[in-house]
Amino acid sequence: MPIIGTAGHVDHGKSTLVMALTGRDPDRWKEEKDRGLTIDLGFAWADIGGTEFGFVDVPGHERFIKNMLAGVVAVDITLLVVAADSGWMPQTEEHVRVLDLLGAATGVIAVTRTDLVDQDTLDLAILEIAEEVAGTALESWPIVAVSAVTGSGIDELRDAISSIAATTASDVDGPFRMWVDRSFVIHGSGVVVTGTAQRGSLAIDESVEIQPHGLVTRVRGLHHHDAAAEAVHAGQRAAINLAGVDITKVKRGTLLAAPGTSQASTRVLVAPLHARGYDEMPTRGAFHVHSGTADRTATIRSISPTVTSLVFTHALPAVVGDRVIIRESGRQAVVAGGTVIDPNPSGELTRDEVNALCDAVMNARDAAAIADALLEARGSSTLDALARSTGGGTPSTPFVVGSTALSVSFVERGASHAIEIVKDYHQNYPKREGIPNAELASRIGVDVQVLARLVADSQELEGSNGVVRLASFSIELSETDEAAWAAVRMDLEDSFDVARASDLPLDPDVMHSLLRRGDLVRIDADLVFTAHQIGELTSRIGELSDGFTVSEFKDHFGMARRQAVPLLEWFDKEGVTKREGDGRLVRNR
Numbered sequence: 017m018p019i020i021g022t023a024g025h026v027d028h029g030k031s032t033l034v035m036a037l038t039g040r041d042p043d044r045w046k047e048e049k050d051r052g053l054t055i056d057l058g059f060a061w062a063d064i065g066g067t068e069f070g071f072v073d074v075p076g077h078e079r080f081i082k083n084m085l086a087g088v089v090a091v092d093i094t095l096l097v098v099a100a101d102s103g104w105m106p107q108t109e110e111h112v113r114v115l116d117l118l119g120a121a122t123g124v125i126a127v128t129r130t131d132l133v134d135q136d137t138l139d140l141a142i143l144e145i146a147e148e149v150a151g152t153a154l155e156s157w158p159i160v161a162v163s164a165v166t167g168s169g170i171d172e173l174r175d176a177i178s179s180i181a182a183t184t185a186s187d188v189d190g191p192f193r194m195w196v197d198r199s200f201v202i203h204g205s206g207v208v209v210t211g212t213a214q215r216g217s218l219a220i221d222e223s224v225e226i227q228p229h230g231l232v233t234r235v236r237g238l239h240h241h242d243a244a245a246e247a248v249h250a251g252q253r254a255a256i257n258l259a260g261v262d263i264t265k266v267k268r269g270t271l272l273a274a275p276g277t278s279q280a281s282t283r284v285l286v287a288p289l290h291a292r293g294y295d296e297m298p299t300r301g302a303f304h305v306h307s308g309t310a311d312r313t314a315t316i317r318s319i320s321p322t323v324t325s326l327v328f329t330h331a332l333p334a335v336v337g338d339r340v341i342i343r344e345s346g347r348q349a350v351v352a353g354g355t356v357i358d359p360n361p362s363g364e365l366t367r368d369e370v371n372a373l374c375d376a377v378m379n380a381r382d383a384a385a386i387a388d389a390l391l392e393a394r395g396s397s398t399l400d401a402l403a404r405s406t407g408g409g410t411p412s413t414p415f416v417v418g419s420t421a422l423s424v425s426f427v428e429r430g431a432s433h434a435i436e437i438v439k440d441y442h443q444n445y446p447k448r449e450g451i452p453n454a455e456l457a458s459r460i461g462v463d464v465q466v467l468a469r470l471v472a473d474s475q476e477l478e479g480s481n482g483v484v485r486l487a488s489f490s491i492e493l494s495e496t497d498e499a500a501w502a503a504v505r506m507d508l509e510d511s512f513d514v515a516r517a518s519d520l521p522l523d524p525d526v527m528h529s530l531l532r533r534g535d536l537v538r539i540d541a542d543l544v545f546t547a548h549q550i551g552e553l554t555s556r557i558g559e560l561s562d563g564f565t566v567s568e569f570k571d572h573f574g575m576a577r578r579q580a581v582p583l584l585e586w587f588d589k590e591g592v593t594k595r596e597g598d599g600r601l602v603r604n605r
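Here the sequence shown stands for residues 17 to 605, numbered as in the working numbering.
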């Protein structure tokens, strides 16, 4: 169902026109009816040309501009109203400025109160409107002259709306998203929130996440246009009964979204847009930033001509692609807008990197491409953080470690950095097998799981035994080291003497080298054999009958039980023996 939102100067007949199109009065409050002035958002609906339309009527008075901004959320078609007898007015300009900053692509301009002017005045009013919207997003909108009093032009306006609706489509496939514009408590039912579903669908008993609070709750009930519904979809007005929620957590400005597809942040980066009449983004003074139905005070800092940083006093729900409107706190004037390019930016990005991110995001065609752009800027990120920043996007990178995604360039940079560090380590410690995983991971700024992936995807690195080395690396022992090892080996191999690694008169680095070369074999944390001893044991174990026990093994080879047990367990793991009950079989006799 397409949503139509009104816009225009106060007292130009917006509410009256909505009533003429729908038969329903959008003004909800007694004060509005008494004063003949729309103060807050009003709602109505009607069937036009066989299609059901929802209407959001916004106030035109300058004092209620923040309510107007809350009303243009998720609008599919804008109905700009200009009175023929008054012409272009200050709030007409202000509302057009907002629509232009939001990139409002579809709409119609209704010239109202034509019953109060002659044809020449009407023609001049239409000419003035065409001149004012030239060069804006409204430039191609049709202009229809109407009178809600006589009914003149109402059918033509309905036809124009139907034609525009035929070319618009709501985003029903993405994760659910809806800004709250009203909330209240119904006795016996609890908290109810209303808004226009911006994307996706929501059904009874499904869960939604409430931002900026990060609460997840269940949907107890749904209404659409005063009727109970099993589900609501993008482009529909919805009333949602939430379970177990305090009314203070769902005021106007709250966002409801599918769990895991939203976040709130006190700093966002935007690609700025200058409002008509302003040559540059203002940065001095206090500002209000509007996004969806939310309104936040903020400070502004220009990072570059294409990127601006907004810092909020309270967290703002935001994902990449959200439009923001910026107005001065004092004059209430709309001075700028922008598109969110990173709702949770890192302070480590350079100006060039931020500009590159802006270009990539603004040219991205879908959530996956946006996730790729963010990942490229961040290098690494959890999949959850990317989904929350992009409204559900998943990056296309092949490098995913657990729940962490790595960009291709990050992997390439990380591997190059690791290679240089490992080279230096080998030069400083030529007798060591390699640099410990934890040390290398710390030096390149990743965790050990990510390091393992970097090593696995590198042709120049390899890892084992808790260290990383160059694939081409080999340990070269000095003549003195080789002589010391020869003496130790001779003592061990004279019999089946079993050695504790800590008792051998060898430098620890030499010990690691011998283990790496395969001259020594580690059986457990401190038990080692020479490769020759292991070969002899393996070849002679067949001398024992199947079903041999630990006692028979230790007696046959003349070793203690505390040595025989770990050795047999090692043989089991290596596939030399197989344990069955209290005995063992020799495999491959």
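Hints were generated in silico from the structure; no laboratory data involved.
Fair warning: there could be bad hints in the mix.
As the list claims (entries may be wrong) - Quick list of simulated restraints, FRET-style, between CB atoms:
(1) 347 - 201: 34 to 40 Å
(2) 465 - 566: 14 to 20 Å
(3) 384 - 452: 36 to 42 Å
By construction, the Cβ of each residue, glycine as well, lies at the ideal position given by its N, Cα and C atoms.
Evaluation of the provided hints:
In this structure the hint that residue 347 and residue 201 lie 34 to 40 Å apart at CB holds, the actual value being about 36 Å. Take residue 465 and residue 566: their Cβ atoms lie about 39 Å apart, and the range 14 to 20 Å is violated. Evaluation of the 36 to 42 Å hint for residue 384 and residue 452 yields a pass: the beta carbon distance comes to about 37 Å.
The structure fails hint 2 only (numbered hints given earlier).
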